[in-house]
Amino acid sequence: SQKIEQNSEALNIQEGKTATLTCNYTNYSPAYLQWYRQDPGRGPVFLLLIRENEKEKRKERLKVTFDTTLKQSLFHITASQPADSATYLCALEGRRDDKIIFGKGTRLHILP
Amino acid sequence: GAVVSQHPSRVICKSGTSVKIECRSLDFQATTMFWYRQFPKQSLMLMATSNEGSKATYEQGVEKDKFLINHASLTLSTLTVTSAHPEDSSFYICSALMVGGPNEQFFGPGTRLTVL
Chain A
1 SQKIEQNSEA LNIQEGKTAT LTCNYTNYSP AYLQWYRQDP GRGPVFLLLI
51 RENEKEKRKE RLKVTFDTTL KQSLFHITAS QPADSATYLC ALEGRRDDKI
101 IFGKGTRLHI LP
Chain B
1 GAVVSQHPSR VICKSGTSVK IECRSLDFQA TTMFWYRQFP KQSLMLMATS
51 NEGSKATYEQ GVEKDKFLIN HASLTLSTLT VTSAHPEDSS FYICSALMVG
101 GPNEQFFGPG TRLTVL
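Those protein sequence lines, which keep their order, are chains A and B. Take the first sequence: its position 43, counted from the start at 1, is 43 in my numbering, and no numbers get skipped. Take the second sequence: its position 39, counted from the start at 1, is 39 in my numbering, and no numbers get skipped.
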């Protein structure tokens, strides 16, 4: 069955450093890979989408890479700030429909 | 733009009662809306896909007679949890796909359901 693994349940990073989150998947060939931010008690907020034929995408302090051979995506936040503290969800979208499969997320804590 | 609202944000009900949750796209039309459930420290699990004017498509293991979905207009989908039980207590989140928009789901803020 399809499986998404986000490398760690929680990650502590010092303010100003780069936070790197990992998403691995198996038994799936997604057309798109997405990253979302979720704050406690709130719905997810879309951050970035990367297509299967794209290697890297950037948006301000965010960078996402997508390696379809390794079946892995890396999500980077540079110059991290305490306000970046949240849970970050990796999500895969298939080719046939608009359904999205979510990982469990990684709770990121940026320490001041 | 692209705001999705949910109502209510929190609801507490007694076991055996029914609860209706509304999901609205405020500034865009959505032919497709999705309903998710999220238990603490777990991923969002898709429950069903709701298409305007047609029957919802439920994921395996989700009882369609228990979780009634109605998508009556391009801006409103409702989820009714019938005969709720404590194990139905969860965080219910909807999302909407914009007609003619980017391939991106816009999520509502979620509804916390607690069944006593």
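These are calculated hints, taken from the structure and not from any lab test. On a predicted model such as this, the values are computed, not experimentally measured, just so you know. Treat each hint with caution, since some may be false.
Footprint (simulated), chain B over chain A, 3 or more residues, beta carbon under 8 Å [as the list claims (entries may be wrong)]:
{"hint": "1", "region": "17 to 26"}
{"hint": "2", "region": "58 to 64"}
In silico lysine-lysine, DSS-like type, Cα no more than 25 Å apart, as pairs [said to hold, decoys possible]:
{"hint": "3", "chain 1": "A", "residue 1": "K71", "chain 2": "A", "residue 2": "K3"}
{"hint": "4", "chain 1": "B", "residue 1": "K66", "chain 2": "B", "residue 2": "K55"}
{"hint": "5", "chain 1": "A", "residue 1": "K3", "chain 2": "B", "residue 2": "K14"}
{"hint": "6", "chain 1": "A", "residue 1": "K63", "chain 2": "A", "residue 2": "K17"}
{"hint": "7", "chain 1": "A", "residue 1": "K59", "chain 2": "A", "residue 2": "K17"}
{"hint": "8", "chain 1": "A", "residue 1": "K57", "chain 2": "A", "residue 2": "K17"}
{"hint": "9", "chain 1": "B", "residue 1": "K20", "chain 2": "B", "residue 2": "K55"}
{"hint": "10", "chain 1": "A", "residue 1": "K57", "chain 2": "A", "residue 2": "K104"}
{"hint": "11", "chain 1": "A", "residue 1": "K59", "chain 2": "A", "residue 2": "K104"}
{"hint": "12", "chain 1": "B", "residue 1": "K14", "chain 2": "A", "residue 2": "K104"}
{"hint": "13", "chain 1": "B", "residue 1": "K14", "chain 2": "A", "residue 2": "K99"}
{"hint": "14", "chain 1": "A", "residue 1": "K17", "chain 2": "A", "residue 2": "K99"}
{"hint": "15", "chain 1": "B", "residue 1": "K55", "chain 2": "A", "residue 2": "K71"}
{"hint": "16", "chain 1": "A", "residue 1": "K55", "chain 2": "A", "residue 2": "K3"}
{"hint": "17", "chain 1": "A", "residue 1": "K59", "chain 2": "B", "residue 2": "K20"}
{"hint": "18", "chain 1": "B", "residue 1": "K20", "chain 2": "A", "residue 2": "K99"}
{"hint": "19", "chain 1": "A", "residue 1": "K99", "chain 2": "A", "residue 2": "K63"}
{"hint": "20", "chain 1": "A", "residue 1": "K99", "chain 2": "B", "residue 2": "K64"}
{"hint": "21", "chain 1": "A", "residue 1": "K3", "chain 2": "B", "residue 2": "K20"}
{"hint": "22", "chain 1": "A", "residue 1": "K3", "chain 2": "A", "residue 2": "K104"}
{"hint": "23", "chain 1": "B", "residue 1": "K14", "chain 2": "B", "residue 2": "K64"}
{"hint": "24", "chain 1": "A", "residue 1": "K55", "chain 2": "A", "residue 2": "K99"}
{"hint": "25", "chain 1": "A", "residue 1": "K71", "chain 2": "A", "residue 2": "K57"}
{"hint": "26", "chain 1": "B", "residue 1": "K55", "chain 2": "B", "residue 2": "K14"}
In this text, a Cβ means the ideal position worked out from N, Cα and C, and glycines have one as well.
Checked hints:
1. 17 to 26: Answer violated; 0 residues pass the 8 Å Cβ test.
2. 58 to 64: The restraint on the region 58 to 64 of chain A is violated, since only 0 of its residues have a Cβ under 8 Å from chain B and three are required.
3. K71/A x K3/A: holds, 11 Å
4. K66/B x K55/B: holds, 14 Å
5. K3/A x K14/B: violated, 36 Å
6. K63/A x K17/A: Given pair K63/A, K17/A holds - Cα atoms ~14 Å apart, limit 25 Å.
7. K59/A x K17/A: Holds, at roughly 17 Å.
8. K57/A x K17/A: Holds. K57/A to K17/A sits at ~20 Å (cutoff 25 Å).
9. K20/B x K55/B: It holds: about 17 Å lies between the C-alpha atoms, which stays within 25 Å.
10. K57/A x K104/A: Distance of about 22 Å is within 25 Å: holds.
11. K59/A x K104/A: Given that 25 Å is the threshold and the Cα spacing comes to 23 Å, the pair holds.
12. K14/B x K104/A: Outside the cut-off at roughly 29 Å; violated.
13. K14/B x K99/A: Not satisfied, since the Cα-Cα distance of roughly 32 Å exceeds 25 Å.
14. K17/A x K99/A: Given that 25 Å is the threshold and the Cα spacing comes to 34 Å, the pair is violated.
15. K55/B x K71/A: The hint is violated at about 35 Å.
16. K55/A x K3/A: Holds, because 21 Å separates the two Cα atoms, which is no more than 25 Å.
17. K59/A x K20/B: violated, 38 Å
18. K20/B x K99/A: At roughly 23 Å apart (the allowed maximum being 25 Å), K99/A and K20/B satisfy the hint.
19. K99/A x K63/A: holds, 24 Å
20. K99/A x K64/B: holds, 18 Å
21. K3/A x K20/B: violated, 32 Å
22. K3/A x K104/A: Between K3/A and K104/A the Cα gap is close to 10 Å, so the pair holds against 25 Å.
23. K14/B x K64/B: holds, 21 Å
24. K55/A x K99/A: Holds: K55/A and K99/A sit about 22 Å apart, inside 25 Å.
25. K71/A x K57/A: The given pair, whose Cα atoms are some 16 Å apart, holds under the 25 Å limit.
26. K55/B x K14/B: violated, 28 Å
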